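Trainee: Sequence lines, in order, name chains A and B. When you line the first sequence up against the working numbering, it's residues -8 to 302, in that order. When you line the second sequence up against the working numbering, it's residues 7 to 453, in that order.
None of these hints come from the bench; they were simulated from the model. Everything numeric in this text was worked out from a predicted model, so none of it was measured. Even for Gly, the Cβ is constructed at its ideal location relative to N, Cα and C. Hints are supplied without guarantee of correctness; some may be wrong.
Short, incomplete list of chain B residues facing chain A, as computed with Cβ under 8 angstroms [as the list claims (entries may be wrong)]:
hint	residue
1	Q98
2	A221
3	G246
4	P283
5	F287
6	S419
7	Q426
Taking CB as the label site, the calculated pair distances span [as the list claims (entries may be wrong)]:
hint	chain 1	residue 1	chain 2	residue 2	range
8	B	N235	A	G152	37 to 43 angstroms
9	A	S149	B	T258	44 to 50 angstroms
10	B	E195	A	L63	50 to 56 angstroms
11	A	S45	B	E349	39 to 45 angstroms
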Amino acid sequence: MSTMNQRLDGPRRLSLPFSVNLKTREIIAAYIFLAPFLIFFSIFFVRAAISSVSISFHDWRLLRPSTPYVGLDNYIDLFDDDIWWASVQHTVYFAVMTVTGTTILGLAAALAVTRPVRGQGFYRVLLYIPQLMSVGAIGLIWNWLLSGQFGVINYLLSFFGVRPINWLGDPNLVLPALSLATIWWTFGFPMLIFIAGLQGIPEHLYEAAKIDGANGRQAFWYITLPLLRPTILFVTVTGVIGHFQVFGQPYIITGGGGPGRASWTVIIYLYQNAWVGFRMGYGAAVAVTIALIMAIITAFQFFVISRRVEY
Amino acid sequence: MSKRSFSALALLAILLLSFSVISVQAQDAAPTATPNVAEIGSGGTHISFWNGLTGSDGVTLNEMLTQFAAENPDVSVTVEIIAWNTLYQKLQTAFVAGTYPDVFMLHASEVPQYASFGVLRDMGDQYTSGGGWLPDEDISATTMSGMVYDGVTYGIPLDNHGRGLWINKTMFEAAGLSTDPATAPTTYEGWVELFQKLTLDANGNNALSPDFDPANVVQWGYTVGEWPNVNFLAALYQNGGSFLSEDGSTITINSEAGITALQQAVDLVYTYHVSPPSAGFDTWQGFGAGTVAVLPTGTWYRNQSLLQSDIDSMAWPNWQWGPNQATWFGTHTFMLPVGLEGEKLDAALKLIQWVSQTENQVIWASSGQVPARLSAQAALNAEEYPSNILLGQTFGAYGIQDPRTTVTQELLSLMDASLQEALNGIKPADQALNEAAQLMQEALDRA
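Bound-form chain A, shown alone (with noise of 0.2 angstroms):
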């Protein structure tokens, strides 16, 4: 009889001891359900982050007894240091060519499956598939491909005349080559968002613009484009931060960020100094300083782009 007077009353409510209105009600069931996930993330992030901070100011070494205050001499030895700006740039460059090919081969392969054509969720499949795979399977394979001694992309290029390139080992190529495998590999995530924003534009606009005689082209530059700015940033936006930290690719497709140093990123730099010369102080400084520039490029992303976004 109980079982059945709940089920006539719907689900039990969140009873408390005092009272309070609906909005309080949902705003406390919402902190409980993220309760779990804000108490690991302070404790893993939150507290590791202000830890970091910390840490910047100390000349702190692992296994030493003292780890002597030291204020901003690691910053002021950072800002000093070629090699950093040298990973810096290379940073950026990668980032940069990296943002470009996956916005535009996502929001191409977003177009190319939301066709009603048939397979099309084999084909969203099969296009997502390579996001899955881990970093060192990607690494290996890029390595693999990449080869001047071996490698497929050589063996294919040697059928129209071309001489094996030493993809790796050039320093010019090494950063596009490195770029190439992440966007193979990484464009599934952007992909996913521009299927998501394609069909929440209204169809009525294009049968609109059908009506008005405009072509494929145009609906896709005066509709299509106009109304996907909000996902674009959004692509973009997580895409400089996700692509800032890169890290797995140049270190083993390249084996440590070659040749010599010309594939270090940032990331690279920051684990040379705090895991291979073991300068977990300097380390921080870096990770703190990496953190600060990439607020600074996504407060000018969202200043640039969302003055134009259509939401």
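Could you slot chain B onto chain A? The hints should help.
Mentor: Frame of chain A, contents of chain B only:
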């Protein structure tokens, strides 16, 4: 989606991603190598053992430990094989967290760093001079010196492993060259000529021919790619240079001898065209595929060469490019953490003593490495272990080791990237070495 909710969502995503960077300090930024874990034995006294023997040497050691466990049924061992660079990181964090292994292996060059941290057990009581079982005189003076820091002996050496050459005998014979190591050149010019005779373009011209096409090489005489650091160290000492000043306070790799040593390697790539650039060329693959005639590698290549039944190869001593002879070698060393005691200490010492017995050291030679004990070296069969014997003799006669500082890994890492810049034509040899020396000096001064 409303403007407000979109902004909130985007900001939340940005916040999460930003935190993931700033908190990278608390995580291992490197892709973690998959540890190869082996549970050996089922005895009640359990010990853990970490080492970086990721090649066939690790397989050999695990087989030996299986035999050890059979002979010592009261002991069981969990062996974790972790790539050396990851092992160094994991050990440091493990000591901080108090989760360090009962036994671990390091290179002798790491002894000063870990000893200076105060985490290593004094192993002097294991040598006969301290009342123990290992005769001091059965370890060479050079190897023994690697175990000591500030007058305290911290390690039990397992082996000497170091550099030599593997030559493709078929290519030598086709070029009209003798495969007898006694005929090896003793000057840089002599080695260049040998490499030139062994380097062929697609038309079959060698690098001495006026018709040689350096853009279309199908067989390389040599390759500068494998481990430039240790090749450079050998050439540096051969040319009369040194890594550190005598008092250990100054980096001296950018001396005239150092620049000559690096330039010699660079010239093999860009002047004589007998070696590919170091990046983008897999040296072992090249040798295995029959596109490299002389492979500079180490004792650890023995089992790989045995697997390559279609390549007729043999070991040669390292090249000599300067007036002196020199070849790099290192030492794998058993270590115990300070504070290990009771049954675990007894079991750990039992394991080390068992592996270090002369007859078991001979088994260890099947890994390719040269046993640390001189009695085991003397017991090696020349038919079965030619490369161990040949290269082992060179280590004893003119071997050099890594510098002994508390920041050796950092110094070598800095040097490696700069050497690669020169070997890949990014920077001239003198500029690369000067920049490396400056960075390394700063690291040394910080120590």
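Trainee: Does each hint hold? Answer for all of them.
Mentor: Going down the list of hints, with the structure as the test:
Residue-level restraint check for Q98 (chain B) holds (minimum Cβ-Cβ distance to chain A is 5 angstroms; threshold 8 angstroms). For A221 (chain B), the interface hint holds, since its Cβ comes within 8 angstroms of a Cβ in chain A; the closest pair sits about 7 angstroms apart. Contact between G246 (chain B) and chain A, as hinted, is not supported at the beta carbon level, the nearest pair being about 27 angstroms apart and thus beyond 8 angstroms. At a threshold of 8 angstroms, the smallest CB-CB gap from P283 (chain B) to chain A is about 5 angstroms, leaving the interface hint in force.
For F287 (chain B), the shortest C-beta to C-beta distance to chain A is roughly 6 angstroms, which falls under 8 angstroms, so the interface hint holds. Given hint, S419 (chain B) at the interface with chain A, holds; its Cβ is 5 angstroms from that chain's nearest Cβ, closer than 8 angstroms. The interface hint given for Q426 (chain B) is met, as the beta carbon of that residue sits about 4 angstroms from the closest beta carbon of chain A, less than 8 angstroms. The given range of 37 to 43 angstroms is respected by N235 (chain B) and G152 (chain A), whose C-beta atoms sit roughly 38 angstroms from each other.
In this structure, S149 (chain A) and T258 (chain B) meet the distance hint of 44 to 50 angstroms, their C-beta atoms being roughly 46 angstroms apart. Under the hint 50 to 56 angstroms, the C-beta atoms of E195 (chain B) and L63 (chain A), about 54 angstroms apart, fit the expected range. For the pair S45 (chain A) and E349 (chain B), the beta carbons lie near 41 angstroms from each other, so the given range of 39 to 45 angstroms is met.
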